[in-house]
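The listed protein sequences correspond, in order, to chains A and B.
In this note's numbering, each residue's number is its place in the first sequence (first place is 1) plus 4.
In this note's numbering, each residue's number is its place in the second sequence (first place is 1) plus 64.
Worth double-checking, as some hints may not be accurate.
Calculated from the model, a selection of chain A residues having no Cβ within reach of chain B, i.e. all distances over 10 Å [said to hold, decoys possible]:
| # | residue |
| --- | --- |
| 1 | Ile6 |
| 2 | Ile104 |
| 3 | Phe108 |
| 4 | Ile116 |
| 5 | Thr163 |
| 6 | Leu168 |
Residues on chain B that point at chain A, a partial pick, calculated with CB under 10 Å [stated by the list, open to error]:
| # | residue |
| --- | --- |
| 7 | Leu104 |
| 8 | Asp105 |
| 9 | Ser127 |
| 10 | Ser131 |
| 11 | Lys207 |
| 12 | Glu243 |
| 13 | Phe247 |
| 14 | Asn258 |
| 15 | Arg277 |
| 16 | Gly278 |
| 17 | Asn279 |
| 18 | Ser283 |
| 19 | Ser285 |
| 20 | Leu287 |
Note that these hints are calculated values from the structure, not bench results.
Glycine included, C-beta positions come from ideal geometry on N, C-alpha and C.
Chain residues, written in single-letter form:
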Amino acid sequence: MIAKVLIEKILTSVPLVLLYVLCFTELNLESVFYLQFFSFNVNAMLVYFWTLKRPQMLGSGHIFFANLINDVVLGLPLGTSPLTYLALALVATYIKNSTIHQRFSTDWFAFIPAIFFAYGINFIMIIKFSDLTISYNDIVRNSFFTFLFFPFFYYLFKTYSEKLGLDTDA
Amino acid sequence: MAEQRDDFIIAIRSALLKRGARQRYSLFFLISLSVLVFILDTSSFSYTKVVRSILNDAIYRVSSIASTPLKFSKFSIIKIADLTKIYNENKLLKEQLKKYEILEFDNEFLKIENNSLKKSLKLIDLGSTYYVESHLAKAILDKDSPYLKSIIINKGSKSGFKKGMAVLKEDFLIGRIVEVNFFSSRVLLLNDLNSKIPVTLDPNESQAILEGRGNDPLSLSYLPDGFTEKENETVFTSGKDGVFLPGIPVGKTKINKNGELNIELFADINQLNFVKIIKVIDERRTNFK
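Between the sequences and the hints, there should be enough to build the whole structure, so can you do that?
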């Protein structure tokens, strides 16, 4: 019985563990798949999906803390990534609160303003308040491919939660 | 219209302030905290720099340990791929070795000829002497961001490292130190968008600035008027910035399909394990009597 509860707990913590792994380690899924040109943001999809479908799986405190670590690892000014992903979580929560019947298509298209809002904040913070230079093209390309790859990760996360018997429309 | 606006405000307020199931903090609180952290980090308070430095050291170490299994798997894949290339590479290397043997003889001859010409002109070369120390450091973290190209090395101010020091792989330039902590440092790689290095190339010693372009090949800017683009010209650091030593080999010129001049680096910056940091102890300028 205890083992079953423990396994269940471990399995429900997988999205959270993935968030920390992505922020903490060198793991870069796009480079694992050798997709340098098609750079996409798994972190954004993870935060958006779980905030929209089952917010208790990824607490906003964890989103803040994991991305604070991500800032240190990437050498960005502290607070840039937490603000970016919390903005994404904010849009996701807004969509969750204002949508009665959630469908894949609405979730996918609502991801466009969400990602542009979050990336916009990220871009303004880096350009206006730090000495770093970033490429506009890279940001647009990254947001486009993140949007394009979203269905794949959506079904991956949805299948995972269904296998666990979690209600993602809660 | 007013009703729609009210709905929007209610939904946003609820999203910002409501704490969901098992959520300890509201989004409003965390967003405010992020803004505060950002302001503190970008401000020039000395104590925030110390805190950031300690935080960096701690997180780099933990992150390096956490990345070990990934590093091992990446390393194994690269090694297996390398094994398949070895046969062809060996053949190529043998041919190159023959060429270099001939070049070495030429070099020896030129040295002797140069010395005899100097003697006949009665020139005394005091030499361009740079007393340098090179330190070996291990790349502990190289998380590849889509925007920033940098690595973390396991030595910092404790080993006497300072901002701006040149970082080499074997004998080729790969970047410079941009952040120094007590036990670790961040190296900005040459292909980063923020990397701009003064270089010299071709027999006319043309000066230019080598610019990183992220995932795209490196390029040269501020080339002199009338510069003719040629392939396979070696690019060296010029030392004009007063930061780098002159004459560190960087790469070779290449002309791409669109006729643009790119620089191909000598060192493979995607596979960094150990790097060399150059520390200038004393410098005596070239002087001829």
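Hints violated by the structure (listed by number, smallest first):
13, 18, 19, 20
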